[in-house]
Every structure is written in structure tokens, then in C-alpha cells.
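> Use the sequences and the hints to build the structure in full.
Protein chains: 2
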Amino acid sequence: MANENTIKEEVTNQEEMNTTQDTTMESTETSNETIVNNEEQDELTKANEKIADLEQKVQEYENKLYRVQADFENYKRRVRLDQEAAQKYRAQSLISDMLSSIDNFERAMKIDAEDEKTKTLLQGMDMVYRGLIEALKNEGVEIIDAVGQQFDPQLHQAVMQVEDSEYESGVVIEQFQKGYKLKDRVIRPSMVKVNQ
Amino acid sequence: MANENTIKEEVTNQEEMNTTQDTTMESTETSNETIVNNEEQDELTKANEKIADLEQKVQEYENKLYRVQADFENYKRRVRLDQEAAQKYRAQSLISDMLSSIDNFERAMKIDAEDEKTKTLLQGMDMVYRGLIEALKNEGVEIIDAVGQQFDPQLHQAVMQVEDSEYESGVVIEQFQKGYKLKDRVIRPSMVKVNQ
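Same order as they appear, the protein sequences are chains A and R. Residue numbering for the first sequence is 288 to 483, as defined by the numbering used here. Residue numbering for the second sequence is 288 to 483, as defined by the numbering used here.
None of these hints come from the bench; they were simulated from the model. Predicted model only: the values in this text are computed from it and were never measured. Wrong hints could be hidden among the right ones.
Since the list gives no way to pick out one identical chain from another, each pair is judged satisfied if it fits inside one copy or across any two copies.
[Claimed, not checked] Computed cross-link-like contacts, SDA-like style, restricted to lysine to any residue with a CA-CA straight-line distance of at most 20 Å:
hint, residue 1, residue 2
1, 404, 336
2, 344, 427
3, 375, 429
4, 344, 334
5, 470, 367
6, 406, 416
7, 375, 471
8, 344, 355
9, 333, 418
10, 470, 371
11, 397, 411
Right, here's the structure in full:
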């Protein structure tokens with residue numbers, strides 16, 4: 288568009304000048320002027336080609352720049368999401384590794400304390416146990432609700448099915464092993480008995 | 288450089304043509320040609336200005352593009368380092384939270400097992416304890432060496448100093464509380480007695 292306008296303007300100017308100006312140059316100069324004029328037209332054509340090339344180059348750089356900037360923004364967003372997820376589930380590996388010890392802990396404490404010494408030991412162990420569970424809770428670990436809940440394949444793993452008219456259909460009626468979630472992610476489903 | 292060469296060429300061409308060509312145009316046309324020539328020179332000047340502008344623009348885009356690309360690369364490198372560090376020390380918070388429970392665990396187990404029941408309980412608890420320590424080790428947790436080591440303020444916290452000729456100078460002779468490292472990072476220094 289800019290080029291077209293320039294050409295139109297030029298044509299108009301030439302016509303105006305043709306009607307208002309008179310001859311002032313000698314014949315010998317005419318030839319040189321004409322040649323120079325042709326030369327200048329050549330040069331102008333080259334200049335206009337160069338302008339077109341450069342304008343294309345500018346356009347290419349502009350596109351490339353936008354693309355790189357868009358890539359950069361996408362990368363930043365993805366990194367932010369990755370970092371959030373990594374932060375959210377950061378302790379998952381250690382927690383998973385700890386679960387069998389927590390199971391053993393609970394099993395070992397299911398002992399009848401008869402003498403004072405065993406009672407004292409059990410009390411101490413109960414304090415340790417609650418401290419560990421508290422540390423896990425602080426990290427976002429939750430025990431999955433099971434007994435009395437509707438069976439949910441996302442949270443519960445059915446290892447036994449019974450038909451018991453005392454309970455509603457599809458309800459978890461017993462838990463064999465505790466399940467754990469880390470925030471919204473199930474680390475280990477609860478192993479349960481379900482009523483059909 | 289390209290511009291200079293073009294100008295030189297043009298001048299040479301003009302001189303050649305001045306000597307080989309003759310007058311072929313009428314006087315009335317001369318005036319118009321001269322004006323058109325001026326017009327074209329104006330246009331050429333404008334075109335050259337535009338070329339200069341565009342070349343500057345291309346240069347600016349080129350610089351901008353290099354800058355954005357360099358920023359992008361730096362960002363990627365920083366993110367990689369951040370992610371490595373986040374991954375390396377991911378469980379630090381949970382580990383720190385667990386240390387007092389581990390202390391209590393060790394304290395509670397320092398009991399004389401007399402009857403069989405207490406012995407069984409202690410054996411079960413020892414298994415749980417070793418399971419937890421194993422899980423911590425898998426995450427990169429190490430117990431800091433203390434007794435018999437040279438005192439190191441990076442690893443040990445001196446809570447007591449004695450002068451005992453039986454031991455070498457600056458040696459840790461007793462530990463009051465275990466210290467822990469997570470990989471190369473001290474989570475809690477070892478609390479010790481040092482020989483002056």
C-alpha cells in the first residue's frame with residue numbers, strides 16, 4: 288500500500304511540473320540527463336527491491352521473535368505446573384517406603400500390656416507412633432476412609448466380597464490394610480471386604 | 288559497504304555513457320526530463336532513507352531475538368538447577384519433622400526386656416525402627432559420624448567442652464543427640480562433647 292501511494296504521488300507531481308515549467312537546459316546536457324535518469328531509474332528499482340527484501344526480513348524477524356516469545360511463555364507455564372506438582376508430591380517416595388513400617392508398628396502395638404514395664408514401653412511407642420503420623424499429616428498424608436463407606440475403586444481394593452443383608456449394598460464392611468492418600472493422590476488403596 | 292560500492296559503480300557507468308552517447312532528445316523534452324530527474328533523485332533519497340531505517344530495524348530485531356533466545360537459555364539452565372535441587376532435597380521437610388520421633392523411638396527402646404512379652408514387643412519395634420531408618424537411607428539420609436571424629440562445626444554442635452588428656456585435642460568424645468545429613472546438606476548437627 289505504501290509503495291502504491293508513493294508511485295501515485297510521484298505521477299501527480301510530474302504532471303503538474305510538466306504544465307508549469309519551461310525549457311531551460313541546453314541540448315548537450317539533455318543526453319547526459321536522460322542517461323543519468325535511466326541510471327537513476329535502475330538504481331531506484333534496485334532500491335525498491337532492497338526495500339521489499341528488507342521488509343520481508345523485518346516480517347520474518349517479527350514472526351520469529353513472536354514465536355520464540357510464545358515458546359518462552361509456554362515453557363514458563365509448563366515449568367510452573369511441573370514445579371507445583373513436584374512440590375505437592377515431593378515426599379511421595381519416602382512416604383511409600385515408610386508405609387510397611389507404619390503397618391508393622393500398628394501390628395506390634397496390638398499386644399496386651401500386663402506388667403508395668405510393657406505398659407511403659409507401649410506408652411512410649413504410642414507417642415512415637417503419633418509423632419510419625421503427625422509428621423506424615425503435616426506433609427499432606429491422609430488415611431483413606433473405608434469401613435462404612437461406599438466402595439470406591441479409586442480408593443479401595445476389594446480383596447473379599449460377601450453377601451450380608453445386615454449391610455447396604457456396595458458398602459465396605461471390613462478393612463484388612465489401611466490405605467493412604469498424599470493430598471489428592473492415592474499412595475496405596477485401602478484393602479477391604481465389600482458387601483455385594 | 289554495499290551502498291558505497293553501488294555508488295561507485297553508478298558513477299563509473301555515468302562517465303562511460305557521457306563519452307559514448309549523443310544528443311537524441313528534443314529541447315521541450317529536456318525540461319521535463321530534468322524535473323523528473325530531480326523527482327527521481329528525491330525518491331531515491333527517500334528510498335535510501337527507508338533502506339537505512341529498515342536496516343536499523345532488522346538490526347534491532349536481530350538484537351532483540353538474540354537477547355530473548357539468550358534469556359530463554361538462561362532460564363532453562365536455572366530451571367534445571369532448581370529442579371535438581373528440589374529433587375535432591377525433596378523430602379527434607381518430612382525428614383526434619385520425623386527426627387524427634389526417631390529420637391523418642393531410640394529412647395523408648397533403651398529398656399531392659401525381662402519377660403518374654405516385652406522382649407517380643409521390643410523385637411517387633413526394632414524391626415519397625417530398622418524399616419524406618421532404611422526408608423530414610425533410601426531417601427539419602429545419613430547419620431553424622433561423631434564420637435572419635437575431629438570436631439567439625441559444619442557437622443557438630445559443641446554443647447560441652449572438657450579437658451581430658453586421654454583423648455586427642457579437638458576430638459568428639461561423647462554424643463548427646465544424633466545428627467543427620469540429607470545428601471550433602473546437614474539437617475541437624477550432632478550435639479556433642481568435645482575435648483579441648
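> Hints first: check each against the structure and report whether it holds.
Going down the list of hints, with the structure as the test:
1. When the C-alpha separation of residue 404 and residue 336 is checked against a cutoff of 20 Å, the pair qualifies neither within a copy, at 99 Å, nor between copies, at 98 Å.
2. Taking the closest pair of Cα atoms, residue 344 and residue 427 never come within 20 Å of each other, the shortest separation being 54 Å inside a single copy and 54 Å across copies.
3. When the C-alpha separation of residue 375 and residue 429 is checked against a cutoff of 20 Å, the pair qualifies only within one copy, where the shortest distance is 14 Å, while the shortest distance between copies is 24 Å.
4. Taking the shortest alpha-carbon separations for residue 344 and residue 334, both the intra-copy value of 15 Å and the inter-copy value of 17 Å come in at or below 20 Å.
5. In this homomeric assembly, residue 470 and residue 367 come within 20 Å of each other (Cα to Cα) only inside a single copy, at 19 Å, whereas the closest approach across copies is 26 Å.
6. Taking CA atoms no more than 20 Å apart as the test, residue 406 paired with residue 416 passes in both settings, with 15 Å inside one copy and 19 Å between copies.
7. For the identical chains of this complex, residue 375 and residue 471 are intra-copy neighbours only, at 10 Å inside a copy versus 23 Å across copies, given an alpha-carbon limit of 20 Å.
8. In this homomeric assembly, residue 344 and residue 355 come within 20 Å of each other (Cα to Cα) both inside a single copy, at 16 Å, and across copies, at 18 Å.
9. In this homomeric assembly, residue 333 and residue 418 never come within 20 Å of each other (Cα to Cα): the closest approach is 83 Å inside a single copy and 81 Å across copies.
10. Only within a single protomer do residue 470 and residue 371 lie at most 20 Å apart by alpha-carbon distance; the minimum there is 13 Å, versus 23 Å between protomers.
11. Proximity of residue 397 to residue 411 under the C-alpha cut-off of 20 Å is found in both arrangements, the shortest distances being 14 Å within a copy and 11 Å between copies.
The structure fails to meet hints 1, 2 and 9 from the earlier list, while all remaining hints are met.
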